[in-house]
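4 protein chains.
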Amino acid sequence: MRGNTFGTAFRITTFGESHGAAIGGVVDGCPAGLALDLAVIQAELDRRRPGSTPLGTPRNEPDRVEFLSGLWMGEGRPDGKATALGTPIAFIIRNRDHRPEEYAQLKDLYRPGHADRTWDQKFGLRDHRGGGRSSARETASRVVGGAIARQLLDLQGIRVQAFVSQVGDVHLERAYAEMDLSAVWQSDVRCPDPSTAERMIALIEAVRADGDSVGGRVSCVARGVPAGLGEPVFDKLHADLGRAMLGINAVKGFQIGSGFGAAGMRGSLHNDAYAIDGAGLRTASNRSGGVQGGISNGEDIVFDVAFKPPSTIRLAQAGADRQGRPATVEATGRHDPCVVPRAVPVVEAMACIVLADHLLRNATAMAAPFRPTTG
Amino acid sequence: MRGNTFGTAFRITTFGESHGAAIGGVVDGCPAGLALDLAVIQAELDRRRPGSTPLGTPRNEPDRVEFLSGLWMGEGRPDGKATALGTPIAFIIRNRDHRPEEYAQLKDLYRPGHADRTWDQKFGLRDHRGGGRSSARETASRVVGGAIARQLLDLQGIRVQAFVSQVGDVHLERAYAEMDLSAVWQSDVRCPDPSTAERMIALIEAVRADGDSVGGRVSCVARGVPAGLGEPVFDKLHADLGRAMLGINAVKGFQIGSGFGAAGMRGSLHNDAYAIDGAGLRTASNRSGGVQGGISNGEDIVFDVAFKPPSTIRLAQAGADRQGRPATVEATGRHDPCVVPRAVPVVEAMACIVLADHLLRNATAMAAPFRPTTG
Amino acid sequence: MRGNTFGTAFRITTFGESHGAAIGGVVDGCPAGLALDLAVIQAELDRRRPGSTPLGTPRNEPDRVEFLSGLWMGEGRPDGKATALGTPIAFIIRNRDHRPEEYAQLKDLYRPGHADRTWDQKFGLRDHRGGGRSSARETASRVVGGAIARQLLDLQGIRVQAFVSQVGDVHLERAYAEMDLSAVWQSDVRCPDPSTAERMIALIEAVRADGDSVGGRVSCVARGVPAGLGEPVFDKLHADLGRAMLGINAVKGFQIGSGFGAAGMRGSLHNDAYAIDGAGLRTASNRSGGVQGGISNGEDIVFDVAFKPPSTIRLAQAGADRQGRPATVEATGRHDPCVVPRAVPVVEAMACIVLADHLLRNATAMAAPFRPTTG
Amino acid sequence: MRGNTFGTAFRITTFGESHGAAIGGVVDGCPAGLALDLAVIQAELDRRRPGSTPLGTPRNEPDRVEFLSGLWMGEGRPDGKATALGTPIAFIIRNRDHRPEEYAQLKDLYRPGHADRTWDQKFGLRDHRGGGRSSARETASRVVGGAIARQLLDLQGIRVQAFVSQVGDVHLERAYAEMDLSAVWQSDVRCPDPSTAERMIALIEAVRADGDSVGGRVSCVARGVPAGLGEPVFDKLHADLGRAMLGINAVKGFQIGSGFGAAGMRGSLHNDAYAIDGAGLRTASNRSGGVQGGISNGEDIVFDVAFKPPSTIRLAQAGADRQGRPATVEATGRHDPCVVPRAVPVVEAMACIVLADHLLRNATAMAAPFRPTTG
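Residue numbers (numbering that gives the first Met the number 0), protein chains in the order written: chain W, 0 to 374; chain G, 0 to 374; chain E, 0 to 374; chain B, 0 to 374.
Everything labelled a hint here was simulated from the structure, so no lab data went into it. Warning: the hint list may mix true and false statements.
Same chains, same names: a pair is fine if it fits in one copy or spans any two.
What the hints assert, rightly or not - Think about it this way: if two alpha-carbon atoms lie no more than 25 Å apart in a straight line, the pair counts; the simulated DMTMM-like pairs of lysine to aspartate or glutamate are:
(1) Lys106 <-> Asp36
(2) Lys80 <-> Asp36
(3) Lys80 <-> Glu204
(4) Lys80 <-> Asp107
(5) Lys80 <-> Asp187
(6) Lys80 <-> Glu65
(7) Lys106 <-> Glu172
(8) Lys80 <-> Asp276
(9) Lys106 <-> Asp45
(10) Lys106 <-> Glu298
(11) Lys106 <-> Glu329
(12) Lys106 <-> Asp276
(13) Lys80 <-> Asp179
(14) Lys80 <-> Glu329
Please work from the sequences and hints to get the whole structure.
Okay, structure coming up:
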């Protein structure tokens, strides 16, 4: 009812306020026997960390994930990995870098563009410190869950890579297939094209100097997804991907394949023709974005996510107080001028969770696996 | 697991293949005592019917909804309405206009852009007649469910209206607030601006004459939504709206408020400043689209949905057969050149279902209603 | 929320009031490709029908199940069976034998032991005709769902058989393993031991002659259940079986294996010792009832269900009216003096649904099936 | 799918192995604004603790619950209570008293009556230390969740009290209404009748001296439950209570009201006649156990739970090893000869969770609360 759980067969529940004792989560449904490299999970978490790129907020949280359950630690397993027990994998990340005094002024203030007021409207109270549970800090738990999901996807040869494709009016023009996506993590702005990245960085620095913020777009590609994932009516694969992305803080839009561009196209151009290549039947183009009728078709899954500019800026804005009176808001603390570089691992994490969930859900689509030899 | 159910507290399950005995659904969670005008439900269904506008396919199905359960028929209730019993409201719509011979050729054919092949890949078999369950005919059941939800929303003064805002390269330029949205149903193309509608219609007719199809966009406004709806982490109000829309056939994108445009904006421009008017605290602009932090803020909820052009066209296309060999596809039957006019009631229906669901879910957000007087 | 759906991976939603247009259900999650013998489903439904044994109510409903969706009818499939499409299997059973005039007196009456008053307390209104949705007629939909589930279990060699083990003070003393359970359907009272059956029938006839009713017990055995079914914490196999049974009308108790007898036993006697036989490791006894720690162990699953005597009797009773005033109740219509014979197929149906659900749920317990050869 | 979450509107997810880093849980759905006395929660947890009665295992875990999220700590709230934020309430209980060396022998051993083997059969591996997640230690998390639920029930005047009603062949013969149930916590064996308690204690001590164990029964009464709770078809109030109880370790049976005794009764005796008293319409007897047709009727809810004797005993038993070979098992560690005294708080906790869940679920049963004044 309160919507803190995501997924059906591979399921994550997250908890925690930005300035409470800890944030964390519980992953339920990870199949027993899966080998999990915990160092890799920590490394994925580090990519989302404030301070992971020079462009973000300097809030410096070590963000160490601590696993509490669900893992068998291996007793001399040669690869040093943990093994999933099939039971809930619970983890916490302690909150450390509290500066609650920075937030005291926010207790009775509604900042424009923030969830301050709607949270009060819904619950009658809120933890105002650092945004409480509405803080993007909550997404760290998703990154841990996504890193577990990814190790399940690895077994199937599924690889998920997101990257920044737009910051303000700077667009990445090159097609993803022409770039080396593995270069994403070398880029401070998480854009695989060096010259575009340079312009994005310049824009972000300019915006920061202005005391302002700027929006952007993250694109994501999933390769190696087998055909057949997605449930064709309400739980279409792209519907669940869309819900996952729209549930990330600051997201305002989602599109798959041709997306909003499809609205302007003719069918004769839009339809992906079938073609035969060495690997069998393929589609010659991929305007479907790898999903047809809600079900993956074996081509790359490609989608875009639009992020609004962060609401917190140094410039003065027309806010209000809890009594409904006008109140000027001028942020003084540390704030990201642009969230998209740090959103890249969150987009990947949610994509991994959706794909792992549908991979498991699909296990019962056909009667064959349950059939004895005489069936 | 198979994803044929939508919603948590207000929940619809749909069933049925396009050319099976019937399609239909079960609505569970409609509160007991709700008065339901069944004629209004049928009238909403009629708006989605093939033939409801001169622009669509001429397939002529009367599409009479038959209610099987969950209603008390009133015994002289003066307004002639039925009363919800609090039990599941099941309904069916018989399929009548079968021309299975038109579909015989499709049995072993994979049409470009269709779900023919992915369905086979997932389930190993499919009902090929008229697209089976992948047909947009399934959405008729959603319209019935939405019409029930809408009568629950009516009690709260919530009004949902969708309209066509784009067909191919013809865009509706006027803001919704400047138009009379009640004129939507008088427009064959479901666009409230007469001169834009005229150009849209001309484009659709030209596309039809070419044997081609064209995409479009539906926009939707929900007025009177109280603040507080939406669950702030995974089940954000716009995340559930997005999932609902992306689950409609042919949808490729969803955005709320400023949407993809937000990616190009600065925060100082994007943030909705607070303002006081006679009704109390408001936002001076509505780039948030009525949702902040995943929770409704009392402003209009505004979103857009992108539809691809229909896949079935008269022009020859490169398809394939079930054996993976090339096969030319040329549609001969009756087909919509543009789905967006008929998608308008489906968008409204899914929006109503999401809002009704969150209205009910929200009933337990605060302890107050459960508190006795001394609490 | 309203609880009309049962199951997670294999899921049934039922709908319908006893004297509405129809009752029915939707089965979601049946794997595609499963061959379904529809005549067998109808035959299972016939076993629950009023009039199926000479001991029940003479209400004579033909109870023909009509399938609306989810099945491919086979086009010359040599065995004449339908094939599951992987989509929702919807079905209805029309209500025919209405004698609403018999129920007019019940409109404002609360019968002792019935749900008349609690239904009003919960929903503010009810369909009083024949008990509305609180009627045991609803269980016919479960029998159809169970018959579908059973054909999935058949593929695994799982066989479920229930029987009457007690009527009033007449107890079946023989162990199930010593009897031919296939004789159950030849017995009017559904008891496999002829001499006990005779005494049960005599008791039921005597009770009927007295204008009274009597309670009883149904026992159930599931053979061939593979080890590993059941989720070990909240969704233990016997917890889900118990919930399924307690959800059947008139059920007051559930026990598995040693059941309430275990409360009086010592561990040295109760523990099932391990033993080796030709088939490998077994338990020498089966006080666990085939479930240990919530998970099936490969032994027979054995449980008992207690039914209260039917509330409706000819004898005068102290009821009340809707205004809270005393009102004598004397039933005049057709009523079962004992429900257990007709409850046998319902117990089996719910057991089949639980087992099919856990069979499918178990498909993702281990990572192995998802691992490629190099995993 | 893996079944580690319980409840619909008030929902608990538990995690943790007996000898992992911690056990704990996440409560989602607790309404915002609820005042929570954390000291009371700790006190309830203390009642379940090993060592809380002289009869149990001497394993001495301090079992301090640490809350991580979901609470506003009050800043000078005069009553010292925390306030629920409406967000997930996560908590952990660190595991401290590890003696893993005691469990080394169990690594390759299947103990009779335990979940050792079925866990391996399901997941392919298990954490053998102290039973891992199959240990009753997991129920400590339920007690915390139940203590939160109870403070929600307190607001409604609902009071839940369980007690031991049977140990081996010693039965509590007095009716609960004749005893002072508040005396339960003063009794080492959690039986409110002093002389019966004395005999129970003597039996447990004798069994312990024999190196054996003994079963028992816990009964539970919920007073002040308003009419209308429970969903009448699959999610009947007693079906959910039964599932909750059968999900507790070592439980073999559940009955409500007349329970298995109803199977032997006639309707004329069993039906609860209606009667008028000062409080309005009541039932003169309560064989229904407070639930009719799956819905609470306002009378006391009364049910019984049967526990088998603990499997671990000092006496030698016929076990097996992982290779399927016979292996004698003789427990040497610290073990409870009888679990029912320590099960009393667990039964209460699960009852509180079920009642809180249905209290919240019931909030949307009727349209009235959503109706504006003109509705």
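Going through the hints against the structure:
no., hint, in the structure
1, Lys106 <-> Asp36, "between (41 Å within a copy, 24 Å between copies)"
2, Lys80 <-> Asp36, "within (5 Å within a copy, 41 Å between copies)"
3, Lys80 <-> Glu204, "neither (41 Å within a copy, 46 Å between copies)"
4, Lys80 <-> Asp107, "between (48 Å within a copy, 22 Å between copies)"
5, Lys80 <-> Asp187, "neither (30 Å within a copy, 46 Å between copies)"
6, Lys80 <-> Glu65, "within (15 Å within a copy, 29 Å between copies)"
7, Lys106 <-> Glu172, "neither (43 Å within a copy, 41 Å between copies)"
8, Lys80 <-> Asp276, "neither (39 Å within a copy, 38 Å between copies)"
9, Lys106 <-> Asp45, "neither (30 Å within a copy, 36 Å between copies)"
10, Lys106 <-> Glu298, "between (49 Å within a copy, 23 Å between copies)"
11, Lys106 <-> Glu329, "within (14 Å within a copy, 61 Å between copies)"
12, Lys106 <-> Asp276, "between (62 Å within a copy, 23 Å between copies)"
13, Lys80 <-> Asp179, "neither (29 Å within a copy, 53 Å between copies)"
14, Lys80 <-> Glu329, "neither (48 Å within a copy, 34 Å between copies)"
Consistency with the previously given hints fails for numbers 3, 5, 7, 8, 9, 13 and 14, ordered from lowest to highest.
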